[in-house]
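So the protein sequences, as listed, match chains P and U. This note's numbering puts the first residue of the first sequence at 1, with every later residue one more than the last. This note's numbering puts the first residue of the second sequence at 1001, with every later residue one more than the last.
In short, the hints are calculated from the structure, not lab data. Among the hints, erroneous ones may be present.
What the hints assert, rightly or not - Calculated Cβ distances over 10 angstroms to all of chain P for the following chain U residues: (1) PRO1008; (2) ASP1027; (3) ASN1030; (4) GLN1033; (5) GLN1042; (6) THR1092; (7) SER1095; (8) GLY1100; (9) LEU1105; (10) ASN1108.
As the list claims (entries may be wrong) - Computed cross-link-like contacts, SDA-like style, restricted to lysine to any residue with a CA-CA straight-line distance of at most 25 angstroms: (11) LYS69(P) with THR113(P); (12) LYS71(P) with ASN1030(U); (13) LYS71(P) with LYS1054(U); (14) LYS57(P) with THR1092(U); (15) LYS57(P) with SER1026(U); (16) LYS65(P) with GLN1042(U); (17) LYS71(P) with TYR1048(U); (18) LYS57(P) with GLY1001(U); (19) LYS71(P) with SER1026(U); (20) LYS1054(U) with LYS65(P); (21) LYS1054(U) with ALA2(P); (22) LYS18(P) with ASP59(P); (23) LYS57(P) with SER1028(U); (24) LYS1054(U) with ASP1081(U); (25) LYS57(P) with ASN1030(U); (26) LYS1054(U) with LYS18(P); (27) LYS1054(U) with TYR100(P); (28) LYS65(P) with GLY1001(U); (29) LYS1054(U) with GLU1(P); (30) LYS57(P) with ASP1081(U).
This one's a predicted model, so the numbers in the text were calculated from it and none came from an experiment. Note that the Cβ used here is the ideal one computed from N, Cα and C, for glycine as well.
Here is what each chain is made of, one letter per residue.
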Amino acid sequence: EAQVTQNPRYLITVTGKKLTVTCSQNMNHEYMSWYRQDPGLGLRQIYYSMNVEVTDKGDVPEGYKVSRKEKRNFPLILESPSPNQTSLYFCASSTWGGGYEQYFGPGTRLTVT
Amino acid sequence: GIQVEQSPPDLILQEGANSTLRCNFSDSVNNLQWFHQNPWGQLINLFYIPSGTKQNGRLSATTVATERYSLLYISSSQTTDSGVYFCAPLETSGSRLTFGEGTQLTVNP
Chain P
1 EAQVTQNPRY
11 LITVTGKKLT
21 VTCSQNMNHE
31 YMSWYRQDPG
41 LGLRQIYYSM
51 NVEVTDKGDV
61 PEGYKVSRKE
71 KRNFPLILES
81 PSPNQTSLYF
91 CASSTWGGGY
101 EQYFGPGTRL
111 TVT
Chain U
1001 GIQVEQSPPD
1011 LILQEGANST
1021 LRCNFSDSVN
1031 NLQWFHQNPW
1041 GQLINLFYIP
1051 SGTKQNGRLS
1061 ATTVATERYS
1071 LLYISSSQTT
1081 DSGVYFCAPL
1091 ETSGSRLTFG
1101 EGTQLTVNP
């Protein structure tokens, strides 16, 4: 089954404790992206990647890191999480170029206390 | 960047009613998708519709790219249709979907 998976689905952590949210897709997509969703602010892009070893900032990259060492994986790293990073996070993937359909993961609900 | 406006912001229906949700966008697009976010927060792909009309069961969507709008039709609504509906165009010059603020739909039994 074609899908985008994220882990963990739910996470409660404390300020400053490094964490990684994993994202994996099995559709051989070149493009992958991370979004965060906050009440009143909608979904905003954090980072995206057009292919292996190619990443770029989205609208709200501060406080996040990403890497793309393999085509199927695109982890989101919070080196020192803060309460303002409490949010619902989504990973997405698609074929690159020409406006192809994007597929979203199930979401990761992160709470930073 | 592209501006996206969805209307209405809130909609309350009785089960069985029909509805039309609208999405206006400010620039040329390569892609437009409609999503349903269920009460558990999951984003469900409804349509990938950069232009034309598509139907899937009780739902259908139409995008008129030259006039910069898209419509989502829900017929014979059910309580399970409740949630937030987002449209998200992809501008021709960009790489990200820009989400509208959504329409909160409540279907009462």
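Consistency of the hints with the structure:
1. PRO1008: Per Cβ check, PRO1008(U) is outside 10 angstroms of chain P; nearest 16 angstroms; holds.
2. ASP1027: The claim holds: ASP1027(U) sits with its nearest Cβ about 13 angstroms from chain P, beyond 10 angstroms.
3. ASN1030: ASN1030(U) not clear of chain P: closest Cβ-Cβ about 3 angstroms, inside 10 angstroms.
4. GLN1033: About 7 angstroms separates GLN1033(U) from the closest Cβ of chain P, which leaves it inside 10 angstroms; violated.
5. GLN1042: The assertion about GLN1042(U) is violated, with a minimum of 5 angstroms to chain P.
6. THR1092: violated, 8 angstroms
7. SER1095: violated, 6 angstroms
8. GLY1100: violated, 7 angstroms
9. LEU1105: Non-interface label on LEU1105(U) holds, nearest chain P Cβ at 17 angstroms vs cutoff 10 angstroms.
10. ASN1108: It holds; ASN1108(U) is separated from chain P by about 23 angstroms at its closest Cβ, greater than 10 angstroms.
11. LYS69(P) with THR113(P): violated, 31 angstroms
12. LYS71(P) with ASN1030(U): With Cα atoms ~24 angstroms apart, LYS71(P) and ASN1030(U) stay inside 25 angstroms; holds.
13. LYS71(P) with LYS1054(U): violated, 31 angstroms
14. LYS57(P) with THR1092(U): holds, 18 angstroms
15. LYS57(P) with SER1026(U): Holds, because 23 angstroms separates the two Cα atoms, which is no more than 25 angstroms.
16. LYS65(P) with GLN1042(U): It holds: about 24 angstroms lies between the C-alpha atoms, which stays within 25 angstroms.
17. LYS71(P) with TYR1048(U): Roughly 23 angstroms separates the two Cα atoms, so the pair holds.
18. LYS57(P) with GLY1001(U): holds, 15 angstroms
19. LYS71(P) with SER1026(U): Roughly 33 angstroms between the alpha carbons, so the hint for LYS71(P) and SER1026(U) is violated.
20. LYS1054(U) with LYS65(P): The hint is violated at about 38 angstroms.
21. LYS1054(U) with ALA2(P): holds, 22 angstroms
22. LYS18(P) with ASP59(P): Status holds; Cα separation ~22 angstroms.
23. LYS57(P) with SER1028(U): Since the Cα atoms of LYS57(P) and SER1028(U) sit roughly 23 angstroms apart, the hinted pair holds (cutoff 25 angstroms).
24. LYS1054(U) with ASP1081(U): holds, 18 angstroms
25. LYS57(P) with ASN1030(U): holds, 21 angstroms
26. LYS1054(U) with LYS18(P): The given pair, whose Cα atoms are some 44 angstroms apart, is violated under the 25 angstroms limit.
27. LYS1054(U) with TYR100(P): Holds - the C-alpha atoms of TYR100(P) and LYS1054(U) are around 16 angstroms apart, at most 25 angstroms.
28. LYS65(P) with GLY1001(U): Within the cut-off at roughly 24 angstroms; holds.
29. LYS1054(U) with GLU1(P): Holds. LYS1054(U) to GLU1(P) sits at ~23 angstroms (cutoff 25 angstroms).
30. LYS57(P) with ASP1081(U): violated, 35 angstroms
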